[in-house]
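Required output: the full structure, derived from the provided sequences and hints.
Residue numbers (our numbering), protein chains in the order written: chain C, 1 to 258; chain G, 1 to 258; chain Z, 1 to 258; chain Y, 1 to 258.
Bear in mind the hints are in silico, worked out from the structure with no lab data behind them.
Note that identical chains are pooled: a pair holds if it fits in a single copy or bridges any two copies.
Result set (BS3-like, lysine-lysine): computed pairs, CA atoms no more than 27 angstroms apart in a straight line:
#1 106 to 135
#2 256 to 3
#3 55 to 256
#4 256 to 135
#5 135 to 55
#6 135 to 157
Protein chains: 4
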Amino acid sequence: MAKQVNLNADMGECFGAYKIGNDEALLDIIGSASIACGFHAGDPNTMHNIVVRAKEKGVSIGVHPGFNDLWGFGRRRIDMSNRDLEYMIAYQIGALQGMAAYAGTKVTHLKPHGALNNMAAEDIEIALAVGRAMKTVDRSIIYVALAGSEMEAAAVKLELPLAREGFCDRLYDDDGNLTSRKIQGAVLHDPEEIKNRVVHMVLHEEIVSRNGKHLPRKIDSLCVHGDEPTAVVAARAVRQGLVAAGVQVLPLTEMKLG
Amino acid sequence: MAKQVNLNADMGECFGAYKIGNDEALLDIIGSASIACGFHAGDPNTMHNIVVRAKEKGVSIGVHPGFNDLWGFGRRRIDMSNRDLEYMIAYQIGALQGMAAYAGTKVTHLKPHGALNNMAAEDIEIALAVGRAMKTVDRSIIYVALAGSEMEAAAVKLELPLAREGFCDRLYDDDGNLTSRKIQGAVLHDPEEIKNRVVHMVLHEEIVSRNGKHLPRKIDSLCVHGDEPTAVVAARAVRQGLVAAGVQVLPLTEMKLG
Amino acid sequence: MAKQVNLNADMGECFGAYKIGNDEALLDIIGSASIACGFHAGDPNTMHNIVVRAKEKGVSIGVHPGFNDLWGFGRRRIDMSNRDLEYMIAYQIGALQGMAAYAGTKVTHLKPHGALNNMAAEDIEIALAVGRAMKTVDRSIIYVALAGSEMEAAAVKLELPLAREGFCDRLYDDDGNLTSRKIQGAVLHDPEEIKNRVVHMVLHEEIVSRNGKHLPRKIDSLCVHGDEPTAVVAARAVRQGLVAAGVQVLPLTEMKLG
Amino acid sequence: MAKQVNLNADMGECFGAYKIGNDEALLDIIGSASIACGFHAGDPNTMHNIVVRAKEKGVSIGVHPGFNDLWGFGRRRIDMSNRDLEYMIAYQIGALQGMAAYAGTKVTHLKPHGALNNMAAEDIEIALAVGRAMKTVDRSIIYVALAGSEMEAAAVKLELPLAREGFCDRLYDDDGNLTSRKIQGAVLHDPEEIKNRVVHMVLHEEIVSRNGKHLPRKIDSLCVHGDEPTAVVAARAVRQGLVAAGVQVLPLTEMKLG
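This is the structure:
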């Protein structure tokens, strides 16, 4: 049977007069869009536009909740209580559901943004708070969780639909964690190299660490970026490489998830 | 058959460490709570708390959307485009639906806040923008509209469930508009006087203007306040007066609406 | 004696991760930068960067206060009380003074942004509120006021240093007001045409209305833009045209103002 | 020679319609007010009001900068870079200077708020970032620093005027740190007990730890609170106790510091 994989990207991160990202180009590449909900980025107009365009393009949509820190673009850790965080996530899920209902479509996954994603990957309590918000508002929402992270553990524990996420343009350490950006070469830029790594990752269900260690890892969804022109080129190469290798590139909603 | 009327109040208008209003006292008096959604007031915690308490008390809940102006508490007019406004309302509906789903309950009405309410009452385009947001996100939501205002007209035109709203503690002009607050005595404070006016309004389905003119007006929902201790006393007197007069005081969800 | 004129531009309107405008290019063209202060745009980092760069380039700096509406980029009218508005302006002046002191330089002018500028141009009470804030915090700050507007009247009444502002890329009506953007052709785009109009305006101290009427008007400062690549080209053409015509293009601080 | 001490309190922490604290009562008790600057709390109106009242009461004023987190009231740690933090402090100093200039008075001290204060007390790099902002904007501003903390070290290193701060209503550990609020009894409530401890602290220039250890410690300024009615009672008792013991209770600006 053909391998399947999803490509996801963060989208709708504009705010008012401020534009960021390359949403239109990415919509032709990805299967699922994670949409900012007005806390770290995004506003109702931006959300509406991306929800409508995603629907037109057959791209499934998800919540991309972040800290309430537009100034820091959600990249700064904030030490909220887990209860506060849980309600904050529930609020953002609801807000996107409102915009989705407005456009006649449905929210089907969630992936935390920036510092919140990093904190949830490391801290099971935070990962569970995110998961409880999802489960309580709509238990059918797919938890997009960094493969091997505490988010994956939280999704399993809460019996939420789970998509294990991998990164196209990042090196991995031998223990399966992402190599710190502070390490020279941790972020890849060459589209050909990125494509080859990703195709291997999906076909062989393993990640090769930067030291050459083979780590078995089933990846359901690959994160691509659109912040720079080169990022879009790499994302396109990834898709083409996967298709050429016979991999089905699907929205999360059409995947068989574990 | 017994007359019916609803009592509604604005609630959940705290923000973080800041407390305002008298929600607990009002929950024993009103049938329906209009809940701030994080724009002019309110935050996810506050929303969660009031949704849970309203459910426990059998009080139905509604969206109380306002301008994105916490500093001005939503009392300052902002000249947004009607499209922006419509999405902004959809967002706030969704956000409260998320918090309601979290608590296992449902959003059943909408009443705009402050400057937005005033603008929608006067301007059919704004009233329609509010109504379209409601209709598109969930067409069963009841539009709580100042009786005789453009909001009422918008609800009728969009075929939305409609509750015509009256004010307990305000004088009316001969044309049925509220007497400006700038006019001496426009706001009533005496609980006995307020109670008597309201009971007359409901039993006789008419408003008596400040000049003594009798204006036929079927009121479905009466707005009470909790900002000051005297407001709660007046609200309680209104409820007791209505019950003593044989009027059923109901949540909006149990009313027979036109 | 040689004619003098100032070129000013709005700058520092980025916010966190969001970039807007073309500040670096404009710094080589203009004499004075009006810097956003964190309400409609701008953040402390952005303010610091532009203050430092302006100092290095010999460009004088001014406050560019706006409404507290990042989402609307200060382009939406908000009906604040004039007292609130006056304190809000004082706050923004102080904030930029803090950043200027940090960089060892000084705030020397003020020009309101967007909707606030439009409202102050039309309404003497708002124009006076802006002027009182300036006068009370630092009476040496130059009021950059649309020539012929209520802001000019307010500056005169409050005896504040005044720079009368003209627009390079806009048509004027016969009464000296800017032609509404809704009129076809009201905004000019051709750098050559813009340059020629501006040189005429400065050399002859008159504005030619779109119907050909000659309006005597002494302009001290011309507003240029950097939002689009073509705007920078036009701004550069304006400067070159003025210099070629023997006009001194100066910072506001070096101008002889009325 | 008579002992001297300052009493300081956090003030101006209202926001728009939201009221908090007991500023009027405290102004009769304290010598110096630390004023919120619109980030964790406060708005231009609130700032104006408290600056004017402090001036009338002979109370000196200072900056009370906090994180940009109104929702969390500045009590949540945010991991900003130290450069960002430094500019953010400079901005808040300037903003209050603007409001002070408006009222014809002057900013003379700075004390960080909430989580920022805690972080600066523990982390020399953060304490230095705060200090550099002060020094660069106005080197005469007094750094109110928890006695024995990294803030004190930063003030000494940067050669800033320094006021060592003590707490009236908190127990101390043997190492001179505040006993964690999580420990039973760490926060004192009895006005008589609080008064006696403070008078001893000032007269004997020592703190007695909760285990009875005597720690030499010269305190220049004592922090009092106004959040609860009992806090004001305790603050008043402290002042009366100090005066009765012959201690001069002074604004920071009249103290012999460092």
